[in-house]
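Trainee: Chain A is already provided as a structure; the job is to place chain B on it using the hints.
Here's the letter readout for the chains.
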Amino acid sequence: MSGRKPDSETSSFGSARPTTEIAASSPVAGDLAGLLTHEDVDRARDRWRVTRARWQGRGAQRFRPLRVLWLLVGPGVLVFLGENDAPSMLSYSATGARFGIGFFVPFVVLTFLIGLVVQEMTVRLGAVSHRGHAELIFDRFGKFWGFFSMGDLVIGNFLTLITEFIGIRAGLGFFGVRPVVAVGVGLIAVVGAITTGRYWTWERITLGLAIFNGLFIPAAILAHPDWPAVGHALLTWTPLPQGRAAEILLLILADIGATVTPWMIFFQQSAVVDKGMQPRDIRAGRFDTLLGATLAAIFAIAAILATAPLFHHGIDASQFQGAQFAEALAPWIGHVGAALFALGIFEAGIVAAIAISTSSAYAFGEVMGTGHSLNRPVADAWPFYSTLLGSACAAGALVLIPHAPLEFVVLTVNVIAVLAMPPALAFLILLVNDRDVMGEHVNGFWENAAGIVVTVLLVGVGIAFGVTTVFPRLLGG
Amino acid sequence: MVLSLLETDQVVAAKQQTRFGRRTLSPGIKILLWGLRVYVVVMFVLVVVSVIRAIHATP
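Sequence order for the protein chains is A and B.
Oh and the first sequence: position 197 is 197 in the working numbering, straight run, nothing missing.
Convert by adding 1000 to the 1-based position in the second sequence; the result is the number in the working numbering.
Pulled out of the complex, with its shape left as it was, chain B reads as follows:
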């Protein structure tokens, strides 16, 4: 009954034993992912700067 209600991939044992596998990343996608990663790191630094400025501005 359980197996007739679930798809194969929904069964815990099947899901644990199977993987979709690593995809091949094209150079364009790698550049995109790295670019966005650098963007986030730079932005996080700027948030810290912004917070420090706010702390110093607080009486």
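Extracted from the complex, chain A is given alone in its bound form:
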């Protein structure tokens, strides 16, 4: 199955292969020394911090693992908290409002386990190949399949970006902020995160914003959830959701799409590369991904618990948009709780807007062969930064158009994400089994089994959605 085109793909530096050879030991070290860029220097600075942390003196030995983890945590936490974006938190909120505490609480945990299986592969792929996902697809599968993948990503990312600005507008709208000001705040956040010209600083700023996804926890506590019911649901997956099967299926799809989407694969792999991670960092990268999935699952369940009072009081939230959830919850969780909920929706939109626009910019730069690193100053990588800002500005502008039918974008964006995942997963699994790329870090049996099960599951759920769309009366729709 594997093979490489000889000669046409080689250069004086040889052809790419999975190796941990340090550049200073390379036969072309002399050539490379004269070709170093700003990006190389910044990445080396980040690597020096990790190396120094690994070799700290005896006095600091106790904290050495923690210091190394602190330095290497980032892409995994960002990708999962970024995926707890505005439409995702609204999907979880709709779930809690419609079905209360029951089946969907452990189901959400399951979706994050699925996400963990997928995202762990991107850590290995990025750390070993030092290539972004789009770049690898173009390299190994050619332009035809590469442009198909990019098409899915571009469409999905742009639609999702629109929903992030809808969330930003809705979240701040609860506080009486005008839409144009809210969108402006969102764009300022995107611009502010990238002005440093350093991946490390961008990552830490975005992580600092992402942790506010935890605002749903105090909102949930203020809803006074039935904790024994939460424990019962986690253990028994009951009570099962009651209602129209088509509606339940749509929420299942939306909740899966709230956790696994193509942009996550492209983003985390590119972020791992930009962060300069190496194969020796894979274990830390796995921890980072696990930490991200765990935090995101907790915050997602908190959103379900926060809106459960709407279910218990028989409030029909089926047509609710972002701020309406907060307003409807105020009688039961108080104005402070409602304000925290609204701020959480705003934060979800901000962090996802930053992460998703960066994902698009990475993919564009990888495909076009232009500079694509947050370690590059704007002047050195203006196509990268233009794509990043341009996509955010276009999405923000659309949200300000009066009477634009944006609610349909919100409804469908998570469903589209699930439907676009199977081909993305196929490329991911093929790449991570490619020994020419991965060397000894190829998937083992269980990793392949998990990946294939996830792909089959997503195809099955998608087909179920398709059948109910073509035959709406089949499930009582």
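Check the hints yourself; a few may be wrong.
[As the list claims (entries may be wrong)] Chain B is faced by these chain A residues, among others (derived, beta-carbon under 7 Å): (1) Asp40; (2) Val41; (3) Leu419; (4) Pro422; (5) Ala426; (6) Val437; (7) Gly466; (8) Thr469.
Derived by calculation from the structure, the hints in this document are not laboratory data.
Glycine residues also receive a C-beta, built at the ideal position from the N, C-alpha and C atoms.
Mentor: Chain B in isolation, oriented as in the chain A frame:
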């Protein structure tokens, strides 16, 4: 110092000059990729149908 901290493939100049190269796709993989591509196109059409139905159903 920079070169002693980065792997060869992490250096921008080396990465720009090297490629992993095109892999040979077996007939099975081609069928899989085409099958999934048709699946996505059909599903996107169904999403559009679903949205149009929702628009018409909205008062």
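Trainee: Interface hint check: Ala426/A, Cβ to nearest Cβ on chain B, cutoff 7 Å. Holds or violated?
Mentor: holds, 6 Å
Trainee: Interface hint check: Val41/A, Cβ to nearest Cβ on chain B, cutoff 7 Å. Holds or violated?
Mentor: The hint holds - Val41/A has a Cβ within 7 Å of chain B, the shortest such distance being about 6 Å.
Trainee: Identify whether the interface hint at Thr469/A stands, where standing means a beta carbon of chain B within less than 7 Å of its own.
Mentor: Cβ of Thr469/A sits 5 Å from chain B, so the hint holds.
Trainee: Measuring from the C-beta of Asp40/A to each C-beta in chain B, is the shortest one below 7 Å?
Mentor: holds, 6 Å
Trainee: With a cut-off of 7 Å, does the beta carbon of Gly466/A approach a beta carbon of chain B closely enough for the hint to hold?
Mentor: holds, 5 Å
Trainee: Under 7 Å is the threshold here; is the Cβ of Leu419/A close enough to any Cβ of chain B for the hint to stand?
Mentor: At 4 Å from the nearest chain B Cβ, Leu419/A passes the 7 Å test, so the hint holds.
Trainee: Classify the hint on Val437/A as holds or violated, based on whether any CB of chain B lies nearer than 7 Å to its CB.
Mentor: Status holds, d = 6 Å.
Trainee: Against chain B, with CB atoms and a cut of 7 Å, does the hint on Pro422/A hold up?
Mentor: holds, 5 Å
Violated hints: none; the structure is consistent with every hint.
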